[in-house]
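Model the placement of chain B on the given structure of chain A, informed by the hints.
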Amino acid sequence: MKALRFLQTVDRRVIYVLLMLSVTAPFFLSIRLPMMVSPATQAFYNAIDALQPGDFVLFSSDWEAGTRGENGPQTEAALTHLMRKKCRFAIISFQPQGPKLAQDIAERLGKEYDSVEGRDWINWGYKVDAKNYLKGFVRDIPGVVKTNNKTEPLEKFPVMRGIKTASDIKLLVSITPSNVYQTYIQFVAGPLKVPMVVAPTSVMVPEVFNYLDSKQILGMMPGLPGAGEYEGLLKTNTKVTRFANSASFAHVLIIFLIVMGNIAMVMERRQSARSGGQA
Amino acid sequence: MFTPKIGGAWYGYIVGSLLAGIVLLVVLMQLPQRARKYVLWTVTFLGGLFYALEFFLPTHEMLIEGNKADGNFLSPFVVPMTNVLPVISAFAVGLGVINLFQMHTKRVLKWNLDSINSVAFFVAMIAMTVGHLMAKSPHPSPFATSLYKVLFEGALQSLDATMFSIIAFYITSAAYRAFRIRSLEATLLLATAIIVMLGQITLGQLLTHALPEYLHVEVVRNWILTKVNAPATRAISVGLGIGSLAVGLRIWLGLERGSYFDN
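Protein chains in written order, with the numbering used here: chain A, 37 to 315; chain B, 533 to 795.
Bound conformation, chain A alone:
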């Protein structure tokens, strides 16, 4: 009876240690779990793969360091694919830290894939008030954006050649832990029929499924597992797989704890019933 009670009331500090171990262990173990690509991630991949070299992509990096564990690998995977496809892209963000975080990743990958800032991609920087901004943005991109994140006029950058309105955007990529993607659907993807893909954090996946199901977005890279799947499709070998293993182990721990607590509770109830209700 005591053991059953203990299994239902494990001290939270023990749980914290177990979680810490399950998250960190995969970094020291070389485990390669086979990655099964979900239809949502495959659709995201196909949307970028269908682009032609030189096509212009709007890359909305609306995340901050708090969700770097998921949004970082997603950004890396999507930018890798865009650079491999020789697409032009513009980074934009409605979060203050977003442009800098995406810039760092783009600069690092740019060296590997010969993608040069100004020629192949540009960072438009942090913008405020997504709804108001996008309302004007869709009609006149140079008139609303005006400069890059270093306040240099857009006209001087070859990457901006021929880009006037949102209709010139061939794909909209939204990496986000918030509902900014809905504003893009309302003001850009919906009215102007700009194809769009979304990379949300895992906790947002059930919500984003609505838009995937209704075909308002073409594809979705669901959280860290999605980034791992995408890495598998790109056949790159980075640390994302290990990150995904950490997430897997943490999920298994949570499920194990829940199941253990419930089994102990049921067994205790039965024993209690047998012994005439004395717990």
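Calculated from the structure, these hints are not laboratory results.
Since the model is a prediction, treat every value here as computed from it, not as a measurement.
Backbone N, C-alpha and C define an ideal beta-carbon position, used for all residues, glycine too.
Wrong hints could be hidden among the right ones.
Unchecked claim - Listed next, the in silico DSS-like pairs over lysine-lysine satisfying Cα-Cα at most 27 Å (straight line):
#	chain 1	residue 1	chain 2	residue 2
1	A	LYS163	B	LYS638
2	B	LYS681	A	LYS186
3	B	LYS668	A	LYS192
4	A	LYS163	B	LYS537
5	A	LYS122	A	LYS167
6	A	LYS192	B	LYS537
7	A	LYS275	A	LYS251
Stated by the list, open to error - Now the stretches of chain B that chain A is said to cover, found in silico as 3 or more residues with beta-carbon under 8 Å:
#	stretch
8	545-556
9	596-602
10	617-626
11	677-690
12	732-740
13	750-759
Using the frame of chain A, we list chain B on its own:
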């Protein structure tokens, strides 16, 4: 409508706009409560009316900012409005900063054990602002670049990530304690949560790999998300949309009660 200003004119416009904004705010604060209410209501109503008319009035092909587009007589003003409104947002941020400074100055002057947090606020805010301005100057020194790197990447990003990561520990502990099969509803919720969690991870997908495809955990998870979850969240979204519309109408028509429209 608005052209970028360069050199001295740029500084002139910045200072002029700032002064005009401060004067406007001072005048607004000096107005009697009732008059201020009507000013705010009028501006809100006109702002809302502009976007409503621009959206609902019939459109025809026209040139907007040199590009062919469908619009009406209000459409050419949408881009200028987009450029003007962030300035108002910037004033709101400025007011927020002033408010924070006032509040924390009072706490520091009263000096007690909690005042150390207010000191931390001043140090962090000033260091971040100075560090950013130095690093973003036309010719930043190596010290400025290093300072910015330490503050932004070393401190802010790490603290942000740490704060967010802590949630994982609470979620694990809370899930263990809360998910108990005490009723039919709780059992359904638990089963659904476990299937969705297993479908989300590779290990879970491996567990059911040998079963027929329709029993794969990721297939069941997708079914739950698209056939059970999606209709429910859509219904909530529709409710939220109608609620937002009602709130929007109340604010637009000045029916909303609160600090801006009432005593």
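Worksheet item: Quick one, are A/LYS122 and A/LYS167 close enough, alpha carbons at most 27 Å?
Response: 30 Å, violated
Discussion item. Taking beta carbons only, do three or more residues of the stretch 750-759 of chain B come closer than 8 Å to chain A?
Written reply: holds (count 4)
Fill in: Satisfaction of hint between A/LYS186 and B/LYS681, Cα-Cα up to 27 Å
Distance ~17 Å between B/LYS681 and A/LYS186 Cα, so the pair holds.
Item to complete: Below or equal to 27 Å on CA atoms is what counts here, so check A/LYS275 against A/LYS251.
Response: 32 Å, violated
Item to complete: Test coverage of the stretch 617-626 of chain B by chain A using CB-CB distances below 8 Å; three residues minimum.
Response: holds (count 4)
Worksheet item: Is the Cα-Cα distance between A/LYS163 and B/LYS537 27 Å or less?
Response: 20 Å, holds
Worksheet item: Are at least 3 residues of the stretch 545-556 of chain B within less than 8 Å of chain A when you compare beta carbons?
Response: With 0 residues in contact (Cβ-Cβ under 8 Å with chain A), the coverage given for the stretch 545-556 of chain B is violated.
Worksheet item: Does A/LYS192 lie within 27 Å of B/LYS668 when you go C-alpha to C-alpha?
Response: With Cα atoms ~20 Å apart, B/LYS668 and A/LYS192 stay inside 27 Å; holds.
Discussion item. Using C-beta distances, would you say chain A covers the stretch 677-690 of chain B, given that this needs three or more residues below 8 Å?
Written reply: holds (count 4)
Worksheet item: Is A/LYS192 close enough to B/LYS537, meaning Cα to Cα at most 27 Å?
Response: Since the Cα atoms of A/LYS192 and B/LYS537 sit roughly 17 Å apart, the hinted pair holds (cutoff 27 Å).
Discussion item. Is the listed coverage of the stretch 732-740 of chain B by chain A valid when you require three or more residues with a beta carbon under 8 Å from a beta carbon of that chain?
Written reply: holds (count 7)
Worksheet item: For the stretch 596-602 of chain B, do at least 3 residues have a Cβ located nearer than 8 Å to some Cβ of chain A?
Response: holds (count 5)
Of the numbered hints given earlier, the model fails hints 1, 5, 7, 8; all others are met.
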